[in-house]
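Protein chains: 2
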Amino acid sequence: MKIVASITRILLAGACTTAALASYSAPTAAQDNPAARAAREWRQAREQPLVAEYLEFLSIPNVSRDKVNVRRNAEHLLKMMEKRGLNPRLLEVPGVSPAVYGEILVPGARRTYVFYAHYDGQPATQKDWATAPFEPVLRSARLDRGGQVVPLPAPGQRINPEWRIYARSAADDKSQIFAMLAALDALNVAGMKPRANLKFFFEGEEEIESEHLDKILAANKDLLKADLWIICDGTEHPSGQQTVTFGARGIQKLEITVYGALRDLHSGHYGNWAPNPAMMLAQLLASMKDADGRVLVESFYDGVLPLGELEKKAIADAPNSDASLMREFGLARVDGSGRRLAEMINLPSLNIRGMASGQTGSQAVNAIPSTATAAIDLRLVRGVTKEGQVARVIAHIRKQGYHVVDADPDEKTRLAHPRIAKVAVEAGGYNAVRAQMDLPAAQKLVAAARSVRSPVVLQPTSGGSVPLDMIIDILGTNTVQVAIANYDNNQHGANENLRMQNLWNGIELQAALLTMD
Amino acid sequence: MKIVASITRILLAGACTTAALASYSAPTAAQDNPAARAAREWRQAREQPLVAEYLEFLSIPNVSRDKVNVRRNAEHLLKMMEKRGLNPRLLEVPGVSPAVYGEILVPGARRTYVFYAHYDGQPATQKDWATAPFEPVLRSARLDRGGQVVPLPAPGQRINPEWRIYARSAADDKSQIFAMLAALDALNVAGMKPRANLKFFFEGEEEIESEHLDKILAANKDLLKADLWIICDGTEHPSGQQTVTFGARGIQKLEITVYGALRDLHSGHYGNWAPNPAMMLAQLLASMKDADGRVLVESFYDGVLPLGELEKKAIADAPNSDASLMREFGLARVDGSGRRLAEMINLPSLNIRGMASGQTGSQAVNAIPSTATAAIDLRLVRGVTKEGQVARVIAHIRKQGYHVVDADPDEKTRLAHPRIAKVAVEAGGYNAVRAQMDLPAAQKLVAAARSVRSPVVLQPTSGGSVPLDMIIDILGTNTVQVAIANYDNNQHGANENLRMQNLWNGIELQAALLTMD
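Chains as they are written, first to last, in my numbering: chain A, 3 to 519; chain B, 3 to 519.
The reader is advised that the hints may include incorrect statements.
Since copy identity is lost for identical chains, a pair holds within one copy or between any two.
[Unchecked claim] Below, a list of computed lysine to any residue pairs in the SDA-like style, where the Cα atoms sit at most 25 Å apart:
id	residue 1	residue 2
1	Lys401	His239
2	Lys255	Val367
3	Lys401	Leu298
4	Lys414	Thr387
5	Lys69	Ser289
6	Lys401	Ala293
7	Lys255	Asp440
8	Lys446	Ile317
9	Lys81	Leu312
10	Lys69	Thr127
11	Lys414	Ala334
12	Lys424	Ala397
13	Lys401	Ser289
14	Lys424	Ile474
15	Lys414	Arg335
16	Lys255	Gln361
17	Lys401	Arg296
18	Lys424	Ser289
19	Lys217	Arg400
20	Lys255	Ser61
21	Lys255	Gly403
22	Lys255	Arg265
23	Lys414	Leu264
24	Lys424	Arg335
25	Lys401	Val297
26	Lys129	Leu349
27	Lys424	Gln361
28	Lys424	Met328
29	Lys414	Val297
Please keep in mind that the hints were generated in silico from the structure rather than gathered at the bench.
Generate coordinates for the entire structure from the input sequences, incorporating the hints supplied.
Quick look at the structure:
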């Protein structure tokens, strides 16, 4: 998903030096799950044609705003799904890239699962890529570790599992779609039948904030109802362990602007007399957090739904990479009064995304800036809403003596109020979701994943935010996220890639999930 | 001067709506000073050739870095000064635009005055100007009030005193040089002789921070010694009253950078755990000032040389335009606990020039920025030094728990210190100067000015900063600043201009100053 995805890009913007990397090689021991085992045997016998089919899929440009090519992907998907007997069709909203739907209905099935993935991709700037984003290539290793372009081996030959496929959407998120389709082939060859109703929902607008997902869901409510939506997207834990995530933080972005004089003023002539909005903003922001990062906005943590025993245990059991992350990030201290990162993710947050006033560096002039702005994101957890947190922040700003407005103040307003703050609340925020970990369908999914590869990292909440709330609200269902991509896949950035072994693991995982009862 | 100058540009970036403007028309009553009266009569008889000579001077490009043309100005000046019998010569430092020196030595004179001005100008971007910056024109009014280009009247005709000359350096600072030379002509015609030794020092590098002024002064120490350097530069009080300024604040710029992780981090995954340098900077800056703008850095005001009785009286007597400035700037409150702007200028200041971290607006991403920077200027008054104030600020930063460095920290340093601040102190700061108001030579100057036009605004200190300390330190002299340009002259910006009446007033003032004993 978009936001989960961008962490990888940010994480990998520099060299990777962590312990996490040292322990990266994922276990590939034989597993207990017969479907996964069948998928492995089937795949090992036909790696070359499998990859060839995947490269063909990746060669169709899929940048979300390029609707013509996105639709070519949808039509290609229809063919791939037709071949697997999924009775596919397009779910259309006029003028919008369609969702591609398919299904396997099992008479007498007790459960219905929707497998969600998205087939659109982030923009890709050709010049930043080592090879063209829509001319997929294999490399012998990670590009920044000397990986060279290698040809696809001849049919019948095995492919080095450390090789990587480089292309836009190789990881995010065509890999999950392809893993499902390959797993269906394997099951078919092995004569294994699904036991639940399986529905496939492949979105074509995920990378542009799922602009019309709500409409598509609302128009197909009955079709898309399910015991569980399995959100197949994202990046596995840096430890290389399989990762199942039960929820996602919500997000609400806002921007605060405070005002000095109507225009920049000479700092010699008016400094320390005309108020400096950069200092005002600094004081306002400083009032929002203590030195240890605790948010001081009144009631900010009120109503947070506490973690249950299962969730606390999941956090305790998850690999703790805090110390290695601190080393990797060059940090001698972190916020949170000693609490683990995994705990902090289950609290609402207030983060300054950016701050701007006047100029710095060689552009700086001896002036009092006329405005100062901070871009902020509020992350939400269950029990606090986007509207609620915004209201708390605005109340806090008022308490600091500010007159709060939602547009640049006119002269009259300026002359009437000693301190003015504009709070611009960005459209498109969404609330947090968190499925109960003891939900039967979710438990089935965890058991299936564990039977493929163990241990499985269970996360009550992902740090990133994804708009799962609309799926839950419109359809009255639950969601659980399953990731297969290597954590260093560069998704959203240049040179996005998928490690071969991650694709193989993904096919085995999907075989197990597709045969849950 | 450069910094004094830029205020005008900033001041006029928007529309002028002040009461200051309403009272703008300068008084032109007949004055008591015979030299000034002679200058007026002389000028009224020959406005056309006078302006023609000035336009010729203005047509020689004088952008400081354009040394070839700057030297053409110097040579032109030599000729103009030769004509006035000033025995001119160039004061050279190899490879540098020269200072142009001239003198009238009066046998038996008891005092020596150096008249300082500069003949170089700020860069001028042709496309921003209504007419070419070095093709001077007359306009019938201020450009932004519909002023049209008008031809120079025929010889013998008078020129409307509200007309303006548009050209680079029309105000800053060729106007002062030309006013002196015209006044000398007038005195000559009237048979009036100087009574003190007069020396003229016209600098060619003022707009590039007087890069080599110290060398020129040091190489000509004996020649340039004087009872008083009369710094002829700057902009008169917005009230249109004559303005004499006894000192200037010093300035020291610095930049503070605080550090988060080695690279931007995803705010969902690491927000509220990885420290946010924008918040750290906000907290650090907020610790430096209270809500009323008082600087909280320990000892920040210690040692400030108190104002004397004369200086307090001067401030009390000066026109108080605080309320109209607040209206003009759209400010409902100002810092300073009710003190007047004119008082605040006599205190050291700490001003945030700019603040930058991550991105705001449409460029904002959901990340924790890796650094945050604030550009700061410290204004200095007599009794506090640039080194001293920087040391106080650094001590304050340390007291907030920061390890202070002067270059970006390496990984080892980052891992060793929980909070790191880089303090980059900019080269080229200078200390404050303030001549005593009861200095006999200064008193003579004030009396002369008053005899020309009254009242005269006396400012103990200018808000802006100018490097007068090197003149005082190297030559052991005193400086007093005299301004003639209209406050709305756009100096440093596009469409720099000089109001005709201000040139006429300047000639009269200079006639009075040139005949001081």
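Violating hint indices (sorted, rising): 1, 4, 5, 7, 9, 14, 19, 20, 26, 29
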